[in-house]
Amino acid sequence: MKHLYLSGVSTLKLAVEKCTGCERCVEVCPHGVFEIHNHRAKIIALDNCMECGACAQNCAVGALSVRNGVGCAVAMINGLMTKGDPDKGTCDCGGDSGSCC
Amino acid sequence: MTNDNYSRDKGSGAAIPSAPPVCLLSNISLADRFGSVMCRVSNGFRMKYTVTPGLYTLGNPDRNSPVLVTGNYRLSLNALRVSINDRNAWILIVDTKGINVWCAAGKGTFCTKEIVKQLSACDLKSKIAHRTLILPQLGASGASASKVQKESGFSVRFGPVRASDIPAYLDNNCTASPAMRRVRFSFVDRAKLVPMETIPAFKKAGLFLLIAAVLFGMTRNGIMYGLALSGVLPLVIAGLVALFTGTILSPLLLPFIPGRAFSLKGFVTGLTGAIAIIFLLPICRSTPFLTAFNLVSVPAFSSYLAFLFTGSTTYTSPSGVKAELKIAWPLYLVSAAVSGVLLVLVFVRFRGIL
Ligand code: SF4
Ligand code: SF4
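Note that the protein sequences, when read in sequence, are chains A and B. Count the first sequence with the numbering used here and you get residues 7 to 107, in order. Count the second sequence with the numbering used here and you get residues 157 to 510, in order.
Source of the hints: derived by calculation from the structure; they are not laboratory data. Computed from a predicted model, the values in this text were never measured in an experiment. Using N, Cα and C, we set each Cβ at its ideal position, and we do this for glycine too. Possibly wrong hints are sitting among the right ones.
[What the hints assert, rightly or not] Coverage of chain B stretches by chain A, computed from C-beta distances (three or more under 8 Å per stretch; other residues unrestricted):
#, segment
1, 293-305
2, 332-339
3, 373-379
4, 398-409
5, 416-425
[What the hints assert, rightly or not] Mimicking DSBU-like on lysine-lysine, the simulated pairs with C-alpha atoms at most 35 Å apart in a straight line are:
#, chain 1, residue 1, chain 2, residue 2
6, B, K269, A, K94
7, B, K360, A, K94
8, B, K253, B, K281
9, B, K204, B, K359
10, B, K281, A, K89
11, A, K89, B, K359
[Claimed, not checked] From the structure, some residues in chain B lie toward chain A, with a derived Cβ separation under 10 Å:
#, residue
12, F190
13, V193
14, W258
15, C259
16, A261
17, K263
18, G309
19, V312
20, R313
21, Y460
22, P474
23, S475
24, A484
25, F506
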């Protein structure tokens, strides 16, 4: 059964005019977010995006952008409690949280 | 954690150019199996389950054999050598601090710089005729193919997500089918992660219950064990149910539980659990305060525990987790406060003060 997370939250953006159609994003995305249509990338499943940043990191012409990070509640709660900002947290993967992020 | 299959004598480590590659044996030993179980239950063990970075060989690679890059987490390397045990290949292991490639890429330890550094440290160019590296697809969030090419001259292809697909990938002229490019999160994948959720949560809950037992059993003449036990038993049950629904049931049944938000899923399972114990066990509804306590605290605690599981999944986005946190966090604080008040009332009633 397919997993679905919250919809309409991903920060992924494609500047299609810069795209050269190299297909790298299709190659690296682990969630099938892209397809190539008419020699250009197209976002076909935005809500599948987990904001891992692989596509933006590997688009050689900078056509992709995303606020990447790890979707880990432990890290965000740590950030919220210690620094008052969920973005500033780190999760203690080496600690006893057990999560991988 | 080195064993003979991997050890490389300390003096000829990766820092020295053209260190001789070490043979990787393909048969998995009993120790490897033990290691893979230990990694699932002990963080301390997992963090030290490493391999020395450097260039390794699988079978008898020649100048045209493929070069596979991976991190120095031994569990991943074991998976790799099991799945391609009949091939000849070069394995370039970069230092990811003993963490698997995906997590290391997210943290930035599996990165362009490390790969380029390891390439020159091992002097790979002198050993092979081609100039292509196969990187694990899940390393792509840390390493940039174009930058690796620019800095090392090696062109990069990304291999499949799962090591077991590598033979098919190699046979298919280094192309992966769309299915090979997708991460999954099967029942078995989730079941493997459950102990890491459950064990720490149990430890914390145990401490809380111990304190509660002391409070319930305290009298002028010292702690009465009978009193402590009968007072704390309903709390033990509530705690166990929340732990069960939050850290075991929610992860295992994940896609079947209504709602998309993890906090909501955990709430649903927790509420179900709370209602179940209230109906089935008279000691869980002996006072209205206790019933109310169960109805508030069990779903909230279960929701919180399920929410923590977002860090272990393969598909939750940071924006999504943040959106959940925004709504769930104030509700957790309110639930904790209400639970605290109800707990005091349960206690007061139990001690006959009310
Ligand atoms: S990686 Fe960039 S340039 Fe290549 S297809 Fe995707 S968006 Fe277009
Ligand atoms: S950020 Fe990750 S999941 Fe989202 S589109 Fe890019 S590669 Fe795919």
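For this session: Using Cβ atoms only, decide whether B:F506 comes closer than 10 Å to chain A, and label the hint accordingly.
Result: Violated - the Cβ of B:F506 stays beyond 10 Å from chain A, reaching only about 32 Å at its closest.
Problem set entry | Given hint B:Y460 near chain A, where the shortest CB pair must fall under 10 Å | Since chain A brings a Cβ to about 9 Å from B:Y460, closer than 10 Å, the hint holds.
Problem set entry | Hinted contact B:C259 with chain A - closest CB pair below 10 Å | holds (4 Å)
For this session: Below or equal to 35 Å on CA atoms is what counts here, so check B:K204 against B:K359.
Result: Roughly 22 Å between the alpha carbons, so the hint for B:K204 and B:K359 holds.
Exercise. Holds or violated: are the alpha carbons of A:K89 and B:K359 at most 35 Å from each other?
Worked result: holds (26 Å)
Exercise. Does B:K263 meet its interface restraint, that is, does its C-beta lie within less than 10 Å of any C-beta in chain A?
Worked result: Cβ of B:K263 sits 8 Å from chain A, so the hint holds.
Problem set entry | Coverage claim, chain A over the segment 293-305 of chain B, checked by counting residues with Cβ within 8 Å (three needed) | This one holds; 9 residues, not fewer than the three required, reach chain A with a Cβ under 8 Å.
Problem set entry | Hint check: 10 Å Cβ-Cβ cutoff, B:A261 to chain A | holds (8 Å)
For this session: Identify whether the interface hint at B:G309 stands, where standing means a beta carbon of chain A within less than 10 Å of its own.
Result: violated (16 Å)
Problem set entry | Coverage criterion applied to the segment 398-409 of chain B (partner chain A; beta-carbon cut 8 Å; 3 residues) | violated (count 0)
For this session: Would you check whether B:R313 satisfies its interface hint, that is, whether its CB is within less than 10 Å of any CB in chain A?
Result: With a closest approach of 8 Å, the B:R313 hint holds.
For this session: Between the segment 332-339 of chain B and chain A, see if three or more residues pass the 8 Å beta-carbon test, and mark the coverage as holds or violated.
Result: holds (count 5)
Comparing the model with each numbered hint stated earlier shows that hints 3, 4, 10, 12, 13, 18, 25 do not hold.
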